[in-house]
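A.B. asks: Using the hints, position chain B against chain A.
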Amino acid sequence: MHMADALVSPAVGGAFWAVAAGTIAYCSARVRKDLDDRKVPLMGVLGAFVFAVQMINFTIPATGSSGHLGGGLLLAILLGPSAAYLTIASVLMVQALFFADGGLLALGCNIFNLGVFPAFIAYPLIYKKLVGCEPRQTRMVTAAIIAAVVALQFGSLGVVLQTVASGVSALPFKAFLLLMQPIHLGIGVVEGVVTALVVSFIYQARPEILESVLKERPLGNMPTKSLLVAFLVATVLIGGVLSWFASENPDGLEWSIAKLTGSEELPETTAKRHTELANIQEKTAILPDYALPAVNDHDEGATRTATSKRVGTSLSGIVGGTITLVICTLIGVLLRKRTSAQQVK
Amino acid sequence: MLAIDGSFLDFKQLDLLALRQTPVHHLDPRAKVLTTFCFIVCVVSFDRYQISAMLPFLIYPAALMAVGDLPFGYILRKIIIVIPFALLVGLFNPIFDRQVLMQIGSLDIWGGWISCISILIRAILTASSAIILVAITGFPAIIEALEKLKMPKTFAIQLLFLYRYIFVLTDEGVRTARARQLRTFGNRGLGIRHFGSLVGHLLLRTWERAERIHMAMLARGFAGEVHSTRRQSHFGRAERLFMGGWITLFILLRLYNVPQLLGGLFTGTMP
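So the protein sequences, as listed, match chains A and B.
Sequential numbering from 1 applies to the first sequence in my numbering.
Sequential numbering from 346 applies to the second sequence in my numbering.
Bound-form chain B, shown alone:
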C-alpha cells in the first residue's frame, strides 16, 4: 500500500520540479526536446560492444541536473526503477555471446558481458535524459513544443487532457485500492472476480465525470482548442546556443572516442 502511494507521490514531485526558475527551465521547450532526442539517437547508435566512448555522454545529464537544480537522489531512484527491464534482456547476452573480446590478466571477458554493461550504460543515459527533460520542461510545455513541431492538434489536446486528469484519477485509484485492502484479510477478496466490479464502478464514475466535463466545456465555449497559459517563450539566441553547442558536442563525442584518447595519453599507448 505504501508502495502505491509512494509511486504516485513520485509522479507529482517530477511535475513540481518543472516549476523551478533556473536558466535551463527558461529555455524554449523545443530546444530541449530536440537536443534530448539528438542525445538519445547518438547514444543508441553506438556499436553494441562499446562502453568507453559512451561514458562522456554522462556530461549532458550531469550538467542539466546541476544547472537545473534537480535533486540527484530522486533522479537516481527513478532511473534505478527502470533499469531492471532493460537489464533483464541484457543479462541473456553473457549466455549467448561467449566470444572472448578482452583479457584482464588470465581472466577472459566474454563479449556478452561487455554488451551487457553497454546495455546498462545505455539504459542509464537514455532514462536519465528523458526524466530530466520532464523535470526541466514540464509536460504541458513539451506537448506545446511538439505541437509547434507539427504534431496533430487532436493528439496534443488528448495528451493535455490525459495529463490533467491523471492526478485526479490516480488519486481515486489509490483510494479505491486502499479501501479494498483495508477490508481484506491476506489475499481474500483481491482476486479477479471482485476486481471486475471494482474497476467497473471506477469506469462508470470516470465516464460520468467525462460527461460532466464535456458539459462544463460546452458551457465555456469549447471549440476544439485548449489554450494554455504557460511561460511564453520564443526560439532566440540562448536556444540556438544551447542546441548548437550540445549537438556539436554529441557529434564530436560520437566521432571521437575521448576516453580512449585520454587513456592513451596516460598509459602511453596512443592508438
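Chain A with its partners taken away, still in its complex shape:
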C-alpha cells in the first residue's frame, strides 16, 4: 500500500524525504562510479517494464481475485541493489506525479517503504545468501518467496509506523498492525511466487543475465558496515525529527497519546500502553527531560477546553466554509472565462 499525502504529517514526510534524497544521492554516486553505461538504458527500460507488467493482471489461486506484480524484488534481482533502488524510486515518482498515487510529500515514505527493503535488505541479505553463487531452480523459488515476504512485511510495517506517527489517522498502532501485516503476508507470498516464476523463466532462457548480476563485484557486494551506518543515521534522524515534532506540536502525537491515556474505558490496557510508550521513549529519547505523564495531565485539561471551544466556533466555521467554497468556485469560473475569451481573440 502506498502512503498518501492526506495521511502524512509534514515532520514525518520531511524526515523520509531527507532519507530518500540521501539514499538516492548515495546510489547515484555508486551507479556512476560503476561506469557501466549499459545499465543506463537498462534501468530506464526496466522501470517502464514494471508499468507494462502492472497492466497485465493474473488471477490469484483459491481466492478468485486478481492481482499484479509489484516488481521491486524482480528489479533487485535483475539489476542489483543500487541500480534497482534508483529504478524503484523513479517508478514511484512517476506514479506520484501522473496518477497522484501516494503524493509528493509522501513520496519519501513510499520510496523508503518500497525501495529500501527489497533493494538493501531482501535482495542482498536474504535472496543472495540463500541462492549462493550457483543458482538452482528450487533454491531460487524459495529464496524469492522468503525475500518478497520479508520485504513486504517491512514495507507495511513502515506504512503503519509512518501513519501512526503522523497522527492524522485515528487508527491505533496495534489494530492497524493487525490489519496490515496479514494482508501483506498474502501479497508477499503471491509476489514471491510470481517473481520466482519470472526469474526461473529468464534463467532457462538467458542464464547469463542473472549470472552477471550475481557475480558482479561492485554492485553485488553490499558493504554491510556502511549499510549499518546509513540505517543508524536514518534512525537518529527520524527519531530526532519525531520527538521534536512531538514536543513542539501538541495537536499531533501528544494529543493522541493524551487521548489514549485519558479515556476511561480501558484503564488497564492504557496504563500498560502508557508505561510501554514511556519505556520506548526512555530508550530512544533524544531529549532526556521529556516527561510523558506530566504532559498528559496538562493536556487533558487543554483538550477539554479545546473541545468546548471547537463546538462553539463550529457554526461560524460551517457558514464561513460554504462562503469560501462559493468564492473559490467563482474565482475559478471567472478566470476560466477570461482565459477562453483571450484564446478566442
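Every clue listed holds true.
Going by beta-carbon spacing under 8 Å, a handful of chain A positions derived as facing chain B:
no.: 1; residue: Ala4
no.: 2; residue: Asp5
no.: 3; residue: Ala25
no.: 4; residue: Leu46
no.: 5; residue: Phe58
no.: 6; residue: Thr59
no.: 7; residue: Leu69
no.: 8; residue: Gly103
no.: 9; residue: Leu105
no.: 10; residue: Ser169
no.: 11; residue: Gly321
no.: 12; residue: Arg336
no.: 13; residue: Thr339
Calculated directly from the structure, the hints in this document are not laboratory data.
Glycine residues also receive a C-beta, built at the ideal position from the N, C-alpha and C atoms.
C.D. replies: Quick look at chain B alone, frame taken from chain A:
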C-alpha cells in the same frame, strides 16, 4: 480490457495537456514545483480536526485549472480514482475516535467523522495539486527543474529514460494482455503459471530492446548526459511574482482561518 486501455489513454492525455500555451505553462518549472510543494506542506500541516481553514486552499487548484485551461472533468476523474486509498484508512477514524467535538441540534458529531472529512479534503487538495503540476509543466520539465535544484544527474537521466519508454512498453503490455484475454474463456489461462512465462517473454524483449538502445546511443556518442530541447526558461520577474504571491497567500491562509472569520462576520459571533 476497456479499463486497461482507458487508464493508458488517460496517461497520454495528461502529457498532452502540458503542451498547451497559457501563461502558467510558460512559467519556469522550478517556480511551479516549489510552489506546489509549499502548498502541500501547508495543507498537510493542519490539525487533524481542521476542516474549515483548509477550504480556502482550493483557490490554488481552481485558479491554475482555470488559467491553465485544463478540463475540469478530466482532473476530477483522476482525483476520484485516487481518493479511495486515503479514505480507506480515514474511514476507520469514526470507529476509533468517538469523542464528541460538535453538535448540530441533538446530533452528536464524533471527532472521527470530522477527521475523516479532513482526510478527504486533504486527499482532494494534494492529489489535485500534483496532477495539475504535471498538466501545466510536463514531466521532462519537472525533472529538469529538480535537476537544477540539485537532484543527482544519474537519477535525472533514469527518470527521463523511464518516461520515454513508459509509453512504448505500456503499449506492449496492453497488447499482450489483450492478446491473452482474446484467447481465454472465463478465468482459464489467466492464472499465475502462464503469467510467469508471458511476463518472462515480455522481459526478454525488454532486455533486448535495452541492448539495442544502448548500441544506438553509443553510435550517437552518448557520454552520460541527456540533452533536452524543451522550452528554454529562466527564473525571472513573473516567476518571482508567482511564487512570492502564492506562498504569501498560503502562509496567510495557514495562519488565519478565513472561513471562520467570514462566518463570524455573517453570523455575528466574532471569535
